[in-house]
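*Asks:* The lines below spell out each chain.
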Amino acid sequence: MTVDPADASGSEFEQRARALLEQSAEQLPGAVRSRLTQARHAALAAQSARAPSFARRWVPAGAAVAAALALLLVYGPQLRDAGENPIANAGLEDIELLTDNDAVPLNGDQDVDDDFYEWAADEAAGAAAPAVGS
Amino acid sequence: MAAFASLDSETADLIPAGKAHLRDSIQDGARSLETFLASVERKAFRIAQIALRHEADALDVVQDAMMQLSSRYASRPPEEWRPLFYRILENRIRDVQRRRSVRNRVMAYLPWRGEDDEDAVDPIEQAVDKAPLPPAQLESDEAMAALDQAIAGLPARQRQAFLLRNFEGLDVAETASTMKCSQGSVKTHYFRALQALRAKLGEFHT
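Residue numbers (the numbering used here), protein chains in the order written: chain B, 1 to 134; chain V, 1 to 206.
Note that these hints are calculated values from the structure, not bench results.
All values reported here derive from a predicted model rather than from experimental measurement.
Some hints could be false.
Okay, derived cross-link-like pairs now, EDC-like style, lysine to aspartate or glutamate, Cα gap no bigger than 16 Å in a straight line [stated by the list, open to error]:
1) V/Lys-187 - B/Glu-14
2) V/Lys-187 - V/Glu-174
3) V/Lys-180 - V/Asp-64
4) V/Lys-200 - B/Glu-14
5) V/Lys-187 - V/Asp-171
6) V/Lys-200 - V/Glu-142
Please put together the full structure from these sequences, using the hints given.
*Replies:* This is the structure:
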C-alpha cells in the first residue's frame, strides 16, 4: 500500500481539512484559551518548583562536604605529625599521668621519717647475711 | 506569568554568581518550554476535543500532558518535546476513553442510571444561537462540524496519524516516534484515514 503524494484530489482535501482545523484552533472561545493559559502556567510553575527543591537538597550537602574537606586540609597534617612525633606522644602520656586519680602520689613520701629507711636497709642487709649459728 | 517569573528567578538565585551561564541556561530552558507549550496548546486541545467530544475532559488531558512533560521531560532536548508531548496526550486521551467505557458498562447495570448525571448536557449551553451567521461563517462551521464528526469516527490509530500529520504537521518520522510504530505503519494509517474521510465527506473538498 502506498500513498501517492501527487494525488491532486488528496492534496486538495488535505489542505482544506488542515485549513479548517487550524481555523478552529485559532477561533477557540476565550474561556478555553484562558483555561489553556492557566494550565500552561501551572505546568511551568510545577517545573520551576521542582528545580529549587533539587538545588535545596544538594547545595547544603555540597557545602557540608566542602567544609569537611577544608577541615581535613587544615588539620590533616597536624594529626598525621602527632602520630609520628614522640614528643607529642610523651606530652599526651604526661597529661594522662597527671590526671589519673588512681596513680601513686609522686610526693607521698615527704612525711616518712628517715629512720624508717635506715631500719629498712638494715633489715634488708640482715636478711641477705647468713644467720649466726645456722 | 508573574508567579512563574518569580519562581524562575528563585531557581536562578540558587546558582552561584560565578555560574551565570548555568543560571542563564535555566532561564532560557524555562522560556523555551513556555514557548513550546504555548505553540501546541490550542492544537492539542482540538485534538483532544475531537477524540473525546467533551470540552472539560479535553482541557484536563491537555493540562495533564503539560504537567507531565514539564515535570518529567523538561530536561530532554527541545526537539524531543513535540513527539513526547503528543504521545503523553494520546495516552491521556486513551485513559479517559477507557474510564468512560468502564463507567458506561457499570452504569448499564445500575437501576438509577441517568439520574444525577454530572455529564448531563446543559440545555442552556447547548441552545442554538438564533443570531444569523454570515453565510461564509455558517458554511465553515458546518464543514468543521462534519469534519470533527468524521475524524472522531475513525479508528484511534487512523485518527492519531491523520491529526498528527495533517493538523500538527509532524513528519512521518516524528509521527512514527509519537505513535511508537514504524514509518510504514504511519503511512498506512494515514492513507486509510484519508480514504475513510473522503468516503464520508465526499463533497467536502468541492
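*Asks:* Would the pair V/Lys-180 and V/Asp-64 pass a check requiring their Cα atoms to be no farther apart than 16 Å?
*Replies:* Cα-Cα ~20 Å, so violated.
*Asks:* Do the alpha carbons of V/Lys-187 and V/Asp-171 lie within 16 Å of each other, as the hint requires?
*Replies:* Roughly 10 Å between the alpha carbons, so the hint for V/Lys-187 and V/Asp-171 holds.
*Asks:* Hint check: V/Lys-200 vs V/Glu-142, CA-CA at most 16 Å. Holds or violated?
*Replies:* holds (14 Å)
*Asks:* Taking 16 Å as the top limit, are the C-alpha atoms of V/Lys-200 and B/Glu-14 close enough?
*Replies:* Distance ~14 Å between V/Lys-200 and B/Glu-14 Cα, so the pair holds.
*Asks:* Need the status of pair V/Lys-187, V/Glu-174: alpha-carbon distance at most 16 Å?
*Replies:* holds (12 Å)
*Asks:* When you check the alpha-carbon spacing of V/Lys-187 and B/Glu-14, does it fall within 16 Å?
*Replies:* holds (14 Å)
The structure fails to meet hint 3 from the earlier list, while all remaining hints are met.
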